[in-house]
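A.B. asks: Taken in order, these protein sequences are the chains called Y and B. Under the numbering used here, the very last position in the first sequence is 810; numbers go up by exactly one each time. Under the numbering used here, the very last position in the second sequence is 810; numbers go up by exactly one each time.
Please note that the accuracy of each hint is not assured.
Any copy will do: because identical chains look the same in the list, a pair fits if it lies in one copy or spans two.
Each computed DSS-like pair below joins lysine-lysine, with the alpha-carbon atoms no more than 25 Å apart [as the list claims (entries may be wrong)]:
| hint | residue 1 | residue 2 |
| --- | --- | --- |
| 1 | K585 | K784 |
| 2 | K585 | K786 |
| 3 | K693 | K597 |
| 4 | K597 | K733 |
| 5 | K709 | K733 |
| 6 | K597 | K725 |
| 7 | K773 | K585 |
| 8 | K547 | K622 |
| 9 | K773 | K547 |
| 10 | K585 | K709 |
| 11 | K693 | K625 |
| 12 | K793 | K496 |
| 13 | K496 | K786 |
| 14 | K496 | K547 |
| 15 | K793 | K597 |
| 16 | K765 | K793 |
| 17 | K773 | K597 |
| 18 | K693 | K777 |
| 19 | K709 | K596 |
If you're looking for bench data, these hints aren't it; they were derived computationally from the structure.
2 protein chains.
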Amino acid sequence: MVTDVEKNLVIGIDIGGTGTKIGIVDARGEILARDEGIATASYATFEEFVDAMNDVIKRLITATGSEGRIRGVGVGAPDSNFYTGNIEHAFNLPWKGVLPLADMLSKKSGIPVYVTNDANAAAIGEMTYGTAKGMKNFIVITLGTGVGSGIVINGQLVYGCDGFAGELGHVTMVRGNEGRMCGCGRRGCLEAYCSATGVARTAKEMLVSMNEPSMLRDIKEITSRDVYEAARKGDKIALEIFEKTGTMLGEAIADFIAFSSPEAVILFGGLARAGKYLLEPLQKAVDKNILHTFKGKAKILVSKLRDSDAAILGASALAWE
Amino acid sequence: MVTDVEKNLVIGIDIGGTGTKIGIVDARGEILARDEGIATASYATFEEFVDAMNDVIKRLITATGSEGRIRGVGVGAPDSNFYTGNIEHAFNLPWKGVLPLADMLSKKSGIPVYVTNDANAAAIGEMTYGTAKGMKNFIVITLGTGVGSGIVINGQLVYGCDGFAGELGHVTMVRGNEGRMCGCGRRGCLEAYCSATGVARTAKEMLVSMNEPSMLRDIKEITSRDVYEAARKGDKIALEIFEKTGTMLGEAIADFIAFSSPEAVILFGGLARAGKYLLEPLQKAVDKNILHTFKGKAKILVSKLRDSDAAILGASALAWE
Chain Y
490 MVTDVEKNLV
500 IGIDIGGTGT
510 KIGIVDARGE
520 ILARDEGIAT
530 ASYATFEEFV
540 DAMNDVIKRL
550 ITATGSEGRI
560 RGVGVGAPDS
570 NFYTGNIEHA
580 FNLPWKGVLP
590 LADMLSKKSG
600 IPVYVTNDAN
610 AAAIGEMTYG
620 TAKGMKNFIV
630 ITLGTGVGSG
640 IVINGQLVYG
650 CDGFAGELGH
660 VTMVRGNEGR
670 MCGCGRRGCL
680 EAYCSATGVA
690 RTAKEMLVSM
700 NEPSMLRDIK
710 EITSRDVYEA
720 ARKGDKIALE
730 IFEKTGTMLG
740 EAIADFIAFS
750 SPEAVILFGG
760 LARAGKYLLE
770 PLQKAVDKNI
780 LHTFKGKAKI
790 LVSKLRDSDA
800 AILGASALAW
810 E
Chain B
490 MVTDVEKNLV
500 IGIDIGGTGT
510 KIGIVDARGE
520 ILARDEGIAT
530 ASYATFEEFV
540 DAMNDVIKRL
550 ITATGSEGRI
560 RGVGVGAPDS
570 NFYTGNIEHA
580 FNLPWKGVLP
590 LADMLSKKSG
600 IPVYVTNDAN
610 AAAIGEMTYG
620 TAKGMKNFIV
630 ITLGTGVGSG
640 IVINGQLVYG
650 CDGFAGELGH
660 VTMVRGNEGR
670 MCGCGRRGCL
680 EAYCSATGVA
690 RTAKEMLVSM
700 NEPSMLRDIK
710 EITSRDVYEA
720 ARKGDKIALE
730 IFEKTGTMLG
740 EAIADFIAFS
750 SPEAVILFGG
760 LARAGKYLLE
770 PLQKAVDKNI
780 LHTFKGKAKI
790 LVSKLRDSDA
800 AILGASALAW
810 E
């Protein structure tokens with residue numbers, strides 16, 4: 490039996506539109522127990538969903554004998570506000586309006602709950618357990634269905650005046666009417682080009698504009714994974730797609746560096762695994778576009794956290810702060 | 490005679506390529522005494538220049554009876570590094586290489602010396618004496634010969650990993666080869682369009698591309714001041730120049746807001762005095778380009794510090810920190 494003072498564990502929860510993952514994590518970043526079985530959209534009300542999370546928390550605590558040892562719960566959730574602990578008008582969750590997540594879950598569980606979006610959670614995760622250990626100034630860019638970012642300056646996550654700072658997926662890269670429509674309703678956002686879905690859009694565009702043969706021409710609904718597989722096999726159009734994507738991401742990163750002069754920019758998420766196909770044009774574009782003052786200073790790195798662990802770890806790290 | 494413990498005054502020094510200004514400042518931002526007579530470029534060596542500054546400091550202290558009351562000296566200087574106290578490879582100063590400003594001046598004067606660039610000094614000045622009093626998250630954009638910026642997040646100035654963060658004049662606004670050459674050697678920088686010199690360049694460009702009559706056509710070397718005077722008189726091309734400049738600045742600011750979600754963006758320097766001619770298109774472009782999350786949150790403000798005082802006040806504020 491552990492005593493009440495030894496609160497040396499945290500719980501990480503990653504709330505996604507499809508599934509929600511929960512894990513108990515120790516100070517070294519080991520996940521002692523986990524449950525990835527909550528189907529987010531299957532709960533009619535937000536309170537039922539919170540009850541389901543609370544049940545899993547209780548079960549994991551009992552299973553690991555962690556009673557009294559949980560310091561806090563960190564949650565990564567879309568459109569969530571660190572300051573208020575609320576989820577606010579999330580597009581890809583089934584419940585509308587302002588959802589008092591931290592308040593409701595902490596009352597039910599009896600454990601303090603901290604909330605932020607998944608990109609901020611990734612940044613805290615990198616600082617606590619990952620590539621950014623010991624760094625005071627860095628930017629994490631998450632390359633998934635969308636493009637998100639978590640910015641750390643002077644060792645602190647940047648939340649801004651409202652809790653929502655760090656939306657680098659929505660800086661404008663192509664101005665005017667030729668910019669692609671973005672999910673946010675604007676045009677030309679980084680996310681519309683450099684997310685997994687952006688890569689698939691670029692693929693469709695290039696298959697129309699180029700005449701080269703390509704194995705991508707046989708695929709009905711192209712994904713970024715297909716483009717990666719084709720690039721590995723030397724497919725010219727696939728390589729060109731990554732060249733374009735990496736170049737734009739590098740141009741954007743050169744601007745981000747002019748803002749906060751970080752030690753490192755850390756790429757996180759599925760697309761970051763594209764390796765040299767993405768990283769080589771990206772680094773070239775950073776070097777070409779960066780202001781002389783910053784040349785060669787910020788390292789471009791890829792997260793080393795395992796994909797299957799990263800979401801829980803990132804969220805859990807919030808509870809150590 | 491004051492006692493040694495009452496260190497309730499600071500000294501502000503603004504080092505410019507042409508002139509250097511020094512003043513003694515109290516906690517309310519009153520300049521008790523000043524000297525604006527140092528001609529920067531007239532000193533053969535950096536050490537002679539530092540000696541000249543030290544002589545002025547001594548004289549101002551004696552004149553105001555401030556012996557023992559000076560808490561510190563804050564210096565705003567081009568290409569200067571807060572962490573090291575050095576000026577590093579400044580383009581528009583006569584001495585080359587790394588100049589140990591803080592070290593040399595503090596040894597000679599016996600007073601602690603803190604150094605940063607003029608845009609950062611402006612941000613600290615706004616926070617201490619100006620429009621940003623009480624704000625924890627804001628961005629100051631200086632619109633002078635160049636475009637500079639000082640970024641405050643969580644109440645701290647952002648210096649980044651190297652002391653040089655906050656070069657928002659050098660984010661790329663026009664990509665590719667059609668971007669204007671910038672003084673930094675790159676193309677399409679915000680500074681190449683939205684500085685005072687950028688406005689003059691836009692004027693020349695528009696006088697060629699438009700056929701409208703304009704009073705600007707009679708001026709040999711157009712300045713941003715000429716454009717302002719013409720706009721006030723209803724000159725169509727002059728109004729169009731400010732429309733273009735304000736729009737681009739607003740587009741850039743919408744991106745900056747996505748980074749740090751500040752309470753306010755404060756415009757500082759000569760061009761900021763163009764009033765509605767610049768501010769109306771600027772605000773319109775911010776509203777049009779901003780991500781829905783941030784709509785209506787960050788205020789666009791103009792510095793209220795008097796131009797003649799701002800440089801000394803901004804630098805002096807560094808010594809209170």
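A.B. asks: From the Cα coordinates, with 25 Å as the cut-off, is the pair K585 and K784 best called within, between, both, or neither?
C.D. replies: Answer is between; shortest inter-copy Cα gap is 19 Å, intra-copy 45 Å.
A.B. asks: Go through the copies and call it for K773 and K585: within, between, both or neither, with a Cα cutoff of 25 Å.
C.D. replies: For K773 and K585, neither the intra-copy (43 Å) nor the inter-copy (30 Å) Cα distance is at most 25 Å.
A.B. asks: Have a look at K709 and K596 and pick one of within, between, both or neither, based on CA distance no larger than 25 Å.
C.D. replies: Neither: 48 Å inside a chain and 72 Å across chains, both beyond 25 Å.
A.B. asks: Please sort K496 with K547 into within, between, both or neither, judging by C-alpha distance up to 25 Å.
C.D. replies: Within one copy only: 16 Å inside a chain, 58 Å across chains, cut-off 25 Å.
A.B. asks: If the cut is 25 Å between Cα atoms, do K693 and K625 qualify within a copy, between copies, both or neither?
C.D. replies: neither (40 Å within a copy, 45 Å between copies)
A.B. asks: With 25 Å as the alpha-carbon cut-off, assign the pair K585 and K786 to within, between, both or neither.
C.D. replies: between (44 Å within a copy, 22 Å between copies)
A.B. asks: From the Cα coordinates, with 25 Å as the cut-off, is the pair K585 and K709 best called within, between, both, or neither?
C.D. replies: neither (34 Å within a copy, 61 Å between copies)
A.B. asks: When no copy is named, should K693 and K777 be tagged within, between, both, or neither for a Cα gap of at most 25 Å?
C.D. replies: For K693 and K777, neither the intra-copy (28 Å) nor the inter-copy (29 Å) Cα distance is at most 25 Å.
A.B. asks: First find the shortest C-alpha distance between K793 and K597 inside one copy, then the shortest across copies, and answer within, between, both or neither for a cut-off of 25 Å.
C.D. replies: neither (34 Å within a copy, 50 Å between copies)
A.B. asks: Are the CA atoms of K773 and K547 at most 25 Å apart within a copy, between copies, both, or neither?
C.D. replies: Result: close neither inside a copy nor across copies, 50 Å intra and 52 Å inter.
A.B. asks: When Cα atoms must be at most 25 Å apart, do K693 and K597 count as within-copy, between-copy, both, or neither?
C.D. replies: neither (48 Å within a copy, 67 Å between copies)
A.B. asks: How would you classify K597 and K733 at a CA-CA limit of 25 Å: within, between, both, or neither?
C.D. replies: So K597 and K733 fail the 25 Å test inside a copy (49 Å) and across (55 Å) alike.
The structure fails hints 3, 4, 6, 7, 8, 9, 10, 11, 12, 13, 15, 17, 18, 19 (numbered hints given earlier, in ascending order).
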